[in-house]
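K.L.:
Let's have the full structure, built from the sequences with the hints guiding it.
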Amino acid sequence: MAVCAVCGSENRVGARFCDACGSSLAAPADAHEQRKTVTVLFCDVVGSTALGEAADPEALRALLARYFERMRAIVARHGGTVEKFVGDAVMAAAGGGARGDLLGAETRALARDAIVVEAVEPLELRGKAQPVVAFRLVTVERDAPGLARHLDAPIVGRVHERRPRLLERAFANVVRRRTCSLFTLLGAAGVGKSRLVREFQRGLDARIVRGRCLSYGEGITYWPVVEILKQLGVDPIDRGPVTAVLGEYDLPTTPEQIALAVRRRLEAAAAERPLVVVFDDVHWGEPTFLDLIEHVADLSRDAPILLLCLARPELLDRRPGWGGGKLNATTVLLEPLDAVETETLIERLLDGEQLEPGLAERIRLAAEGNPLFVEEMLAMVRESGEREVVVPPTIKALLAARLDQLEPSERWVLERGSIEGQLFHSASVAALATPPAPAERQLAALVRKELVRPDRPQLPAGDGYHLEQAYRYRAELGQADPVLAERAAELLAASGRTARFRGDLRAAAALLGRAADLHPSRRLALLPDLGDLLFESGEIAQATAVLDEAIAMVAGHAGEQTASGEAVIELAEQAAAVLERLGERVLLARVLAIAARNCFFVGHAQRSLEELREACELAFEVGDLYVARDCVLWMVGAIVYGPTPVGEMSRFAFPEALRLGVEPWGQFHEGFVHAGSGRFAEARERFHRGTAARGRARDPRPRGGLLDVRRRDGVEPRRSPRRRARAPDRVRSARRARRDRLPLDDGHAPRRDARAAGT
Amino acid sequence: MGTLLGETLVLQGRDDEAEDVLAIVDEVVLRDDVDPQVRMRSVRARILARRGELDAAERLARDAVALAARTDYLVLHGNALLALADVLRRAGAEDGAAAALREALALFERKEHVPLTERTRALLAATPVG
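As they're listed, the protein sequences go chains A and B. For what it's worth, my numbering labels the leading residue of the first sequence as 7, then goes sequentially. For what it's worth, my numbering labels the leading residue of the second sequence as 126, then goes sequentially.
It is possible that part of the hints are untrue.
[Claimed, not checked] Covered by chain A, according to a simulated footprint, are these stretches of chain B (three or more residues, beta-carbon under 8 Å):
{"#": "1", "stretch": "155-164"}
{"#": "2", "stretch": "198-206"}
{"#": "3", "stretch": "227-239"}
Source of the hints: derived by calculation from the structure; they are not laboratory data. The structure displayed is predicted, hence computed values, not measured ones. Ideal Cβ positions, reconstructed from N, Cα and C, are used throughout, including at glycine.
P.N.:
Following this line, the structure appears as structure tokens:
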């Protein structure tokens, strides 16, 4: 059965259009699952059974039809849609605030300043293990905001302190020149627009009236104008468009007539005393209303009027030219507080009260400079006594409302970005699309809306973006698609390997750590590399913790915690034989490298050297440059320690070394050759050169000749067409061919061939 | 690195410092990592021998040589033999010391390691054989 999304009517299976209203029943082309916070209304007729028994069937049917029609209209007026009618019951859903008899705790919190409630017994509900706290709605204060802002909070911040002067200057100009000025204050929800206006109003010699745009409902176009006119009052004998707007007379009017009438009323009021008209939430304003404001700003003369519009940056998406081209218009963006300002705000709000150590810092980080978020989180922590920073329902609702207003493609980009994490990259977003698609336009829009901001990228490709209040978005956007999360983890891990290859260990550790956090099934595979990296970076404690976790995870699977070097070699050899048969060359290179390193540890330098050469070649072929380079480093050790005579050591010129960025080790190798030959001065020089080259290699900036190698992220196998076509069962002979190409004395070839043969 | 530092300190006669370093190495070294295991034993053996604890020193030195002999690390093995020779020489076992030096010399010659070969030849020349 198909339910019409427009009217809620149930239709035949397979119907393409609604039988009731004719709307298409097909899902929108760009539809995909989204998490949304909604209010669900369920109501039915009291005493319907008795009514049904008492009333005539036709009369009852007519009564119910009228009831359904009224309910549908009421629900629509509040921005909702009827989901279905069941008997005499109505089920409707709305994306915004709630109306109803019983309220949950979160809804109560969201509407706390506009409602009076009484507690009822907790409700036992299906699907809920614990009784649900509920309240009965007693009254609703019609014009009160659901959540009154606490405008008595201390104002802090260099920016906040500067803005009032801008406003004061604009107002002073209006008064001095007896002119009209449009001043628009842009800023994200909670950033302090209202607080700033309150500060501005303090002691102002002007008449101040306010109107607020509504996000949904019936007759909202002129709602803020109606509020303003009611405050200004209307001439009792006026029978013109103003009274029509107020709904006092049913008079045919045009938007132009209304704009003219409103302007004259404002000018009349300003003639008596300078007038400040504050319009709040202008980003929700209908085009006709925005036209009206611009009409007043453009045409008003000889009247000191300051039109002060408060809006979120989304206004500029809806009205890109807002205020543009007007000499009497100013638009200011109110930015979030910086770290110091936020700390000051927290201190002032705490007013000497002590929080648990670290909690204030966590609030600061979570609020990301938004004063409202600071206030709400602090209040939540105080009320609940929780040690962790939780997201108050007020903030959840604000975020959900912002997300709901995004274009589908913008929301899609935000979802993909949030999969990567608080710092995400345009390249990742593009790569997570199927097929890959650029997202620059959407990202620019999201930056404008202050949902993301540009940040220093961690990946070599694409721009970096910081997801504001990321962990809250994650919750509001719903669970990440596990397949996409795995792809994002792979992208991060590949970038981490590239960063490691170019010697930027810190970035590599950060990327691998994020990849490991992103997808649990990849975590075990990434932890050893991460631990190794941290160890190499000198972060011993972190490395220990990471490797302990990896060991514990392995222990959970295999029941043993450690293995001897010989056991590791044996296991790796077995794994290599399997991987070789499967043609898994990337993993084979890694496993051979593991076996080789352990051979070295337990004292088999020659065997280690052979395994390393093989692993190195293979790694180079499949594009795993980090493993290839690592193998070269170990090969130097195996040659120096092992039975290779000093006179033959110089045969190993490591032609791949420079390509792999292991110049330091090439120098060290030469140094050992000289030292072993008794040429100490030359040896010292080589070691000095190697040390200097090593310092350069740690420099994360790309260097000329290596750029082409570094750009490759280790994901794309680097194979020639001939090798790509090679079948898995030919790998063994190919390995032998590789071995034959190398300038080494292969004393241990039979062993390798035996392994390859599975014996 | 720790064991190399220990070796260097012992060669300079700074035994106490070498022991401190070895104590740290001992905590972090892997049981299977043969290089530090051999070096630790050799360095300790030299220190014990200087203190006159010759039996313990010889046991450790021979232990180091046995471990190194299981590897194909020619220089490591040779150095372990040099440490054993040093211990035996202090114990008055000149023949044993000379035998260890000859064995070490063969390893260094095989590696074609000029400085170690020359040094071992010099040590051998200075070791009276009975």
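K.L.:
Against the earlier hints, flag every one the structure doesn't satisfy and list their numbers going up.
P.N.:
Hint check: nothing fails, all pass.
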